[in-house]
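> One-letter residues, chain by chain:
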Amino acid sequence: MSEAVSAEIQTTHIIDLARTGHRLDGRGVDEWRPVTVEPGFVKSADGSAMVHIGNTAVLCGVKLEIAKPYPDTPNAGVLTTNAELIALSSPTFEPGPPQPEAIELSRVVDRSIRAAETIDLTKLCITPSEKCWTCYVDIHCLDHSGNLIDAAQLAALGALTHSTVPAKRFGVGDRDYPLEVSHFPIECTFVRLGDKIVADPTFEEETAGQGRLTVATDEAGNVVAMQKGKIGAFSPDEVIETIERSFRHGDRLRNLVRGN
Amino acid sequence: MSEAVSAEIQTTHIIDLARTGHRLDGRGVDEWRPVTVEPGFVKSADGSAMVHIGNTAVLCGVKLEIAKPYPDTPNAGVLTTNAELIALSSPTFEPGPPQPEAIELSRVVDRSIRAAETIDLTKLCITPSEKCWTCYVDIHCLDHSGNLIDAAQLAALGALTHSTVPAKRFGVGDRDYPLEVSHFPIECTFVRLGDKIVADPTFEEETAGQGRLTVATDEAGNVVAMQKGKIGAFSPDEVIETIERSFRHGDRLRNLVRGN
Amino acid sequence: MSEAVSAEIQTTHIIDLARTGHRLDGRGVDEWRPVTVEPGFVKSADGSAMVHIGNTAVLCGVKLEIAKPYPDTPNAGVLTTNAELIALSSPTFEPGPPQPEAIELSRVVDRSIRAAETIDLTKLCITPSEKCWTCYVDIHCLDHSGNLIDAAQLAALGALTHSTVPAKRFGVGDRDYPLEVSHFPIECTFVRLGDKIVADPTFEEETAGQGRLTVATDEAGNVVAMQKGKIGAFSPDEVIETIERSFRHGDRLRNLVRGN
Amino acid sequence: MGSVGAKEIPELLNAEGRRIDGRRLDELRPISMKVGPLTRADGSAFVEWGENKVMAAVYGPREVHPRHLMQTSKAIIQCRYNMAAFSVDERKRPGQDRRSQEISKVITEAFESVVFTEEFPKTSIDIYIEVLQANAGTRCAGLVAASLALADAGIPMADLVASVAVGKVAGRIALDLKKEEDNFGEADMPLALVPQSGRLVLIQMEGHMNRDEIREALDLGTKGCREIYERMRQALRTRYEVPAGAPAPEAMA
Amino acid sequence: MGSVGAKEIPELLNAEGRRIDGRRLDELRPISMKVGPLTRADGSAFVEWGENKVMAAVYGPREVHPRHLMQTSKAIIQCRYNMAAFSVDERKRPGQDRRSQEISKVITEAFESVVFTEEFPKTSIDIYIEVLQANAGTRCAGLVAASLALADAGIPMADLVASVAVGKVAGRIALDLKKEEDNFGEADMPLALVPQSGRLVLIQMEGHMNRDEIREALDLGTKGCREIYERMRQALRTRYEVPAGAPAPEAMA
Amino acid sequence: MGSVGAKEIPELLNAEGRRIDGRRLDELRPISMKVGPLTRADGSAFVEWGENKVMAAVYGPREVHPRHLMQTSKAIIQCRYNMAAFSVDERKRPGQDRRSQEISKVITEAFESVVFTEEFPKTSIDIYIEVLQANAGTRCAGLVAASLALADAGIPMADLVASVAVGKVAGRIALDLKKEEDNFGEADMPLALVPQSGRLVLIQMEGHMNRDEIREALDLGTKGCREIYERMRQALRTRYEVPAGAPAPEAMA
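Chains as they are written, first to last, in the working numbering: chain A, 498 to 757; chain B, 498 to 757; chain C, 498 to 757; chain D, 5 to 257; chain E, 5 to 257; chain F, 5 to 257.
One should not assume that every hint holds.
Okay, derived cross-link-like pairs now, DSSO-like style, lysine-lysine, Cα gap no bigger than 27 Å in a straight line [claimed, not checked]:
id, chain 1, residue 1, chain 2, residue 2
1, C, LYS693, E, LYS38
2, D, LYS126, B, LYS665
3, F, LYS78, B, LYS693
4, A, LYS565, C, LYS693
5, B, LYS693, F, LYS183
6, A, LYS540, E, LYS126
7, B, LYS565, A, LYS565
8, F, LYS109, B, LYS727
9, A, LYS693, D, LYS126
10, B, LYS628, B, LYS693
11, B, LYS665, A, LYS565
12, C, LYS628, C, LYS565
13, D, LYS38, A, LYS693
14, F, LYS78, C, LYS540
15, C, LYS628, A, LYS628
16, C, LYS665, F, LYS183
17, F, LYS183, C, LYS540
18, E, LYS38, E, LYS227
19, E, LYS38, E, LYS126
20, E, LYS183, E, LYS38
21, B, LYS727, F, LYS78
22, D, LYS126, B, LYS540
23, B, LYS727, F, LYS227
24, C, LYS628, C, LYS693
25, F, LYS126, D, LYS126
Rather than coming from a laboratory, the hints here were simulated on the basis of the structure. Since the structure is predicted, the reported quantities are computational estimates derived from the model, not experimental observations.
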């Protein structure tokens, strides 16, 4: 049986299951796999977090360095998000320059953090027009077993939440101090399987999926970012329903990141 | 009938026609397709021109930005020409880094403008060794129906002729002012079809052509640039004859650009 | 007979020969091909040397330019080694970005020169934290008939040994003066052919080889760099023996470079 | 949104509820569409929308390049959204940046959701979108132009895709943001609708909107898409001089 | 070595012959190995060694990509050693630099010397090594992790490859240098050993050592590799819960 | 030409009509040609011309790489002109810049006009030109070296291609410009001639020349090419020790 044929059979099976409200791994339609957030995983970073969602594993490291502010934002620091879908994490990835999937991942994570004003960039300014902090958020996917976006976003937020500004090390302050995190956006991703929209999809469910929708919500009841991906479509009512589910999951995951 | 065979039949037909002084579209050997120059097509540019030669369409936009002069020319600004043979314009182009054809195009256009001293670069100096204007000439080919070089060069000259130096916008002057254009070189391209050398070749004629010759002439009776391209050869007498024809066409096209 | 089969037959033949202490070109196991070093080959360089080892030909050119010291070494200049395995030199090379083989070559040459402290980089500092010399060592392989590493390293050392610091030309001194070379590391490369380890391998011997070992020694009796390459293995005793042989060859080649 | 360090914020909504260019909150910018302006492409369209100028061309179904992307069961769609260097205030370096690559991806996926790709296995349908002049909403203008170019190329699809952005400006939900509204507003949400099914094939959003605002924005955006859709049908009619009201979308193939 | 311009050199060896972290000259840093932490890979291992954290994964034998690298008589091995941007003090730009490419090459050649590649013609065995946190000796840690991942993937090989660096610190030959020793020591020599044959499949060296020192370093390095080898076998036993002392390396396939 | 900001212009022509290096206006720089200096290439040549040093090598006809460039009816010619980093006053970054790519293109087309490519369908004839030391006229020196290398490789062609640049210096038409003449002269026109047919297969020009000057330049350049051609035939004779005057160009295959 060819790989394509077996994939198609699995897709049909997954969608059939979903019709009856079931999933391959026994979860309910709105149920997540176990989520863990392990801050401080990497000592060489100024902040880091290893996140597992089921088997999916994503490591994020934050590094702060001194740079010159951009001319059009002289009073602000810089936030840069980069995601690497390294070939180690999945048989489907190849070494080389970032592919569209990796670019979308980093941009969707970046968008939630930026739109929610997670970090007040003006606080990363040291001397206007002269010196500021550049905050690099590097996302390293280690095991791609589905729902990379949410794992990556959680890892990024986790790493930022536990980051230190190395002011003393760079000679611009008496002591290193914690990076101030103002808002805690949480991204939740869903895929359509037939007429059901399931949360936290596995790799197999993403492959079978007929449209993907990601919603980032903040702690104040705002939607701060959305991204529809993959082949497929959603009605406005489905979008609304998905947003409501994102608010619910968001609260729980936010507590996990903040260590509450 | 394979594509290669049909192309070969067309080539033979075009060359046979040329022997009797005829062309596929009914033009004479030295006759151009209709030429239009539409300046100011793009508002976001500091200067622009859309040029049509028959169905061939090329858009050029000029942008001026402030930079530092090169160390070896401290009293001069910088002129940079770039041509994109975007995949939108022809089934034969592919997305990706510029291919040799695009590089030759931009260099041949650039050479005519530079050699003719179209723009006096010393007038683009603001503060010697400190600040100057960089003038970007970006050529965007939209429909490649033959003779891109002449269309691109005309678009570049047209855009420069109608450009504004944004001195006020960049805070280095009280007002924006017109870019001064000192000379008006015009490039004319020909291809050999058997023993005939035809002006303003179509895409099909370029494919059938046995050598291409481009001659840039200025308003003072000088040849300022030449480029032979493609497989084929020209005798010195043919070069001389082609130059004479370029002077004639050049005068007419120059008036078109200058709006005379 | 396919190319692969004929290569395999040659490999077997070379290894069989080696067993009896013989080589295809009649040399002994520890014997080198004729070596010549021609300094000053390229006038446009600040130093250069053409090296032949048998048919293998490598040209190295040194250029010195003024730059800013790296922040972490404010009192030192910069040494940069680059090797191009240009497609001209071998049917097996292709145009394009440097391949692993070229990168290894340049790094192994660089390592010997850097580890031996051939050039005292602090003497390339002009004004601490402000101005220093960057010394570019560019290696251009012209004929790859085996043992490129040793030819390249010899060419690099030869070019450095006969280089001029263009202080007057760059306006940072009254006169140009010779670049000071403090140490003279020599790299010697061997390949395993069965139970024999032969010096100065030809291209065919490298292809047949079962492991390659390069040892750089200096004039004071130190090993300063080593690199094992290709498929194959060496026992510690073989490494020791190879080092001894490298010391012997090193002395002879060092005199050649220094013109003694 | 999040325009750190921006100096002067213009008044985006006046006392009469009019926007910076005099539009009402639910009003589109002027739009004109021309189908078939290019001769080398299999299909093409040029859209002027507010101060946007966008050209789209379609080639195919044709041989897949590079070969290894070929799919045996259907056509692949390759969309490349690109901005001309001179299309924006500050010159953009030629070539695909990360933003362009993301937009190319979501537009590709939008069209993969409507084109009958299984009719052309082992081929590629290549869509090129060139933004010649940009003023917010270029991805929507590009989607509209590409939709028309696909129809012009005779590519069979379930429906034309219509697109518009909706956002939040001075605390109010507004249709079809222009540049100042995009820069200084509170949220931007580009949408692409398949009008016959009422489903969205492109949704992106950035900024701050609460539940009610999102709901209102989805309503307004859907309505805007339907308005655009009518203009698109009109443009195709003009091109092919088909009697008004006639062509069922299925017949476009 | 050759750290031009370095300011303060720490005391690398104290009067009692103890190193900066209290180790003796012939002592390894603490090391832990976990086999099989990843689920998508065919084989994987995670190694923490001193302050290094290195993950390795193996995929294959599988189809060769790009195709033109395929060899008809054997499998090719493609190893990619990579450092995460945050793995070092000063952020490393993502992507392969020249150092990474050289290390990838020598590690590839080390494994090509032990894997029975002729058993899988026309395929590729892909090894990915990701350095997540670096503190000198990452290529050795990567080799060890990759060796375990190859065994975990069931790739047949002549033996496990063990690896450690040896160097010269404050005039003495020392095993398994940590960062300060690497930066301020006099020589560094990474080695990889095939324990059963006693041969080295990776040798690199930089610095200054005379004949006697080299000899001592090779002895100490070989001994260190054998110590690592025992830990590796233990880690594989733990993973597969095979009774201690059992598995001949040939049986690993 | 157009050397904006240049400081001191040297006297390019003295009262006696002698040029900066003592040459007359119609005089070539010293030139020497060596055929076959390289052993790995199928054909090679080394040309020293004034202060230029240029090496050329030819490989093929051989398999086409990358495959998709293969043509079923003829050989393709792939020429790569490259300057060594140290070949010019200011170090040139390694790799192909736009100038090198353009020169590679026009040289390729020059040779495609004379090589009997239809005799070797589905193959590639690869020409590599390396400029080791540059002093104006490198593309002409490269063409000459490549021509000799093609002959050395036994590639059948209609004729050897000869090449020289002609220009305008201090108001006069001059043959074979050297660097100062190129930098401070009024025009430069590299030409490549097929001597037997009297036709030009490469023409480029930049600067200012009126009708009469162009005519004079074409005459002088053609004459110069013929002089080079004789030297090329001599170099091939020396290589193959064929009696003088013998080899018809068709027999070169």
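> Hint by hint, where does the structure go against what was stated? Just the numbers, ascending.
As far as the earlier hints go, 1, 2, 4, 5, 6, 9, 10, 13, 14, 19, 22, 24 are violated by this structure, in ascending order.
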